[in-house]
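Protein chains in written order, with this note's numbering: chain A, 1 to 279; chain B, 1001 to 1279.
Do not rely on the hints blindly, as some may be mistaken.
[What the hints assert, rightly or not] Restraint ranges, calculated between C-beta atoms of paired labels, are given here: (1) A:264 to B:1204: 52 to 62 Å; (2) B:1064 to A:264: 37 to 47 Å; (3) A:261 to B:1049: 58 to 68 Å; (4) A:247 to B:1204: 16 to 26 Å; (5) B:1150 to A:255: 40 to 50 Å.
[Said to hold, decoys possible] Here are the computed lysine to any residue pairs in the SDA-like style, where the Cα-Cα straight-line distance is at most 20 Å: (6) A:261 to B:1150; (7) A:261 to B:1239; (8) B:1271 to A:218; (9) A:271 to B:1232; (10) B:1271 to A:206; (11) B:1125 to A:216; (12) A:271 to B:1241; (13) A:261 to B:1241; (14) B:1125 to A:211; (15) A:164 to B:1211.
For the record, the hints were derived by calculation from the structure and aren't laboratory data. From the three backbone atoms N, C-alpha and C, an ideal C-beta is built for every residue, glycine too.
2 protein chains.
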Amino acid sequence: MNSVVIIGTGLIGASIGLALREAGFAGAIVGIDASGDELKAAQELHAIDTAARSPEEHRAAIASADVIVLAVPVLGILHWMQQIAPTLRDGQLVTDVGSTKVKIAEAAQTLMPGRCLPGHPMAGKESGGAALAEAGLFRGATWLFTPLHEFTAIEIEWRGWVTKFGANILDLPAEQHDRICAWVSHMPQMVATAMSSVLEDEFGDSAEMRAIGGRALREMTRLGSSPYSMWRDIAHTNETPIAETLHTLEQRLQHMRENLKTAQLRDEFQKANAFRFRT
Amino acid sequence: MNSVVIIGTGLIGASIGLALREAGFAGAIVGIDASGDELKAAQELHAIDTAARSPEEHRAAIASADVIVLAVPVLGILHWMQQIAPTLRDGQLVTDVGSTKVKIAEAAQTLMPGRCLPGHPMAGKESGGAALAEAGLFRGATWLFTPLHEFTAIEIEWRGWVTKFGANILDLPAEQHDRICAWVSHMPQMVATAMSSVLEDEFGDSAEMRAIGGRALREMTRLGSSPYSMWRDIAHTNETPIAETLHTLEQRLQHMRENLKTAQLRDEFQKANAFRFRT
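Start from the sequences and build out the full structure, keeping to the hints where you can.
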């Protein structure tokens, strides 16, 4: 691997550039981003060496890269995959960091068989943007991959770099990835959004509500500040699994609501206690 | 105020004893608790001077106290109110720290008119027990009161001590208290319990689920470790307001589930963004 192009130089993309450098990668890192500001910020941080700005520069950067990292939201990844598929040559690897994997794995099999290793680092911050990028962002984090064929030489090399970033690799089939992520990430987000939304309807900026709400309320609604722009693509590309988790939760809440004074409520608390999430 | 009896010397009761001392209270503080261990721990911390252990010692302590602080769960508070009501004399104050106020205010009006100022400090820790008690537990916290009549002299004095603890007093009618607490405290708890419970059903101790779940999942399920023993009394004495919040949330989740791919989802995210909870 002598050259990498990172498409999307926000928090994750720019952190990958910094992590590569910290891990000793000495080749070229070119950045592409729809936002000139993000591109400039990534370059100032030395997360990328050069910024490709025009369509011609994009084509040249992609043509000469050994690894093409797609670090934009999921619908953007699917769009870029269609754009670059006709120009790919043997030995190039396309990988991504998208939050859902079924649609991306489908596109990979159709558009670029044998040339794509979908990925998903479980890392991030409350806000995005290249300015918050860090070489250590992936240290100790799980980096999911969805292998679609026997590993190629360039895939094995990319996985080696990810390990050098300090991440722990876990391979999962696309359907299993999207189903687990629906439960542990997408459902919590939708619940925090729903809670924040009903509280906004009920209280707006009520001083009494804010004086009374404590740590529990802050924690349970923190994700309510997540922007739709981040979540639209996830909801679009993982609709059925997310809908299943929400339906299950709605039924459980109804059951608890109908049993606030019965021993059934105790059973739910005991099951929740048993869950006792660690790490 | 020359003497106080604290009934229930767990985290909140023992912290009240310590806060009184730190604020300069020089009178007697007697403790009562069903658990000999909690009583001993409170005494060793100097949260109480003496422990009243037998029914005779209880009666004597209560008879000689200017202020009787009920710091047990809500059903326990209602039980103690019935026990002590016949023995109360002019000038004594009964106050409490219970999580719901409608049932307690009703009992106060019936059993001890003019002698009770229900209260509710919004403070606590993840675990209970006298061993975790602190004089500073109430500093900066909101301490809710539900005044039931013109303030008496002893009530004004007790409110002065609460202010010296560093707490901010907020007076709310009982119905309003229970309704707001249902939204900002009881609903978040029930949701965390429901989420933890469905995740336990779905995954148990699955290593993959735990490797993938991050900060969002930890935060959204932290309250899942709350014990039923703490919440049974709250669910029993605030059933209708809690059921209303859960029903509203169920409907909102259903709406989002049915609109994962429409602009309605964007509207919910925008409303949630507007909520932006500040401490």
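Legend entry - Violating hint indices (sorted, rising): 1, 3, 6 and 12
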